[in-house]
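Q: Sequence:
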Amino acid sequence: KQAPTIRAACESGRGRHRNLRNLGDATVLPKEVEEDLVLWLNTLRKDGAPVSRLMLQLQAKEVAAENGLHEKFAASPTWVKLFLRR
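According to full-length UniProt numbering, the sequence shown is numbered sequentially starting from 1.
There could be a bad hint or two in this list.
Think about it this way: if two alpha-carbon atoms lie no more than 25 Å apart in a straight line, the pair counts; the simulated BS3-like pairs of lysine-lysine are [stated by the list, open to error]:
#1 Lys72 / Lys31
#2 Lys31 / Lys61
#3 Lys46 / Lys31
#4 Lys72 / Lys46
#5 Lys31 / Lys81
#6 Lys61 / Lys46
#7 Lys72 / Lys61
#8 Lys61 / Lys81
Simulated from the structure, these hints should not be mistaken for laboratory data.
Based on the provided sequences and hints, a complete structural model is requested.
A: Next comes the structure, spelled out in structure tokens:
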């Protein structure tokens, strides 16, 4: 089924990539929403409450749903990892 797609990726030099999706195709949260998440995270940390990755993931999904992105935004473990790096 995917042989033509895989062949084309290999011929274009992208054969070593694990994901053939183009850069920038992922659904991301708007900057303001991410800033609200940072504020939420920092407030909890300031109050001395530990924030787990699962808590952040659930909060991100909730905020995404409030902004109409509930079907597109997954808040994957990779998203959480990269969010915490920013």
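Q: Each hint needs a verdict: does it hold in this structure or not?
A: Structure-based check of each hint:
1. Under the criterion of a C-alpha separation no larger than 25 Å, the hint pairing Lys72 with Lys31 is consistent with the structure, at around 16 Å.
2. For a cut-off of 25 Å, the pair hint linking Lys31 to Lys61 stands: about 15 Å separates their Cα positions.
3. Proposed proximity of Lys46 and Lys31 is supported: the alpha carbons are some 22 Å apart, at most 25 Å.
4. Taken as a hint, the Lys72 and Lys46 pair is broken in the structure, with Cα atoms around 31 Å apart against an allowance of 25 Å.
5. A distance of roughly 17 Å separates the Cα atoms of Lys31 and Lys81; the hinted pair therefore holds under the 25 Å criterion.
6. Distance hint between Lys61 and Lys46 is fulfilled; the C-alpha atoms sit about 22 Å from each other, no more than 25 Å.
7. Our distance criterion of 25 Å between C-alpha atoms is met by Lys72 and Lys61, whose separation comes to about 10 Å.
8. Restraint check: the Cα-Cα separation between Lys61 and Lys81 comes to about 15 Å, which is no more than 25 Å; the hinted pair holds.
Checked against the numbered hints above, the structure violates only hint 4.
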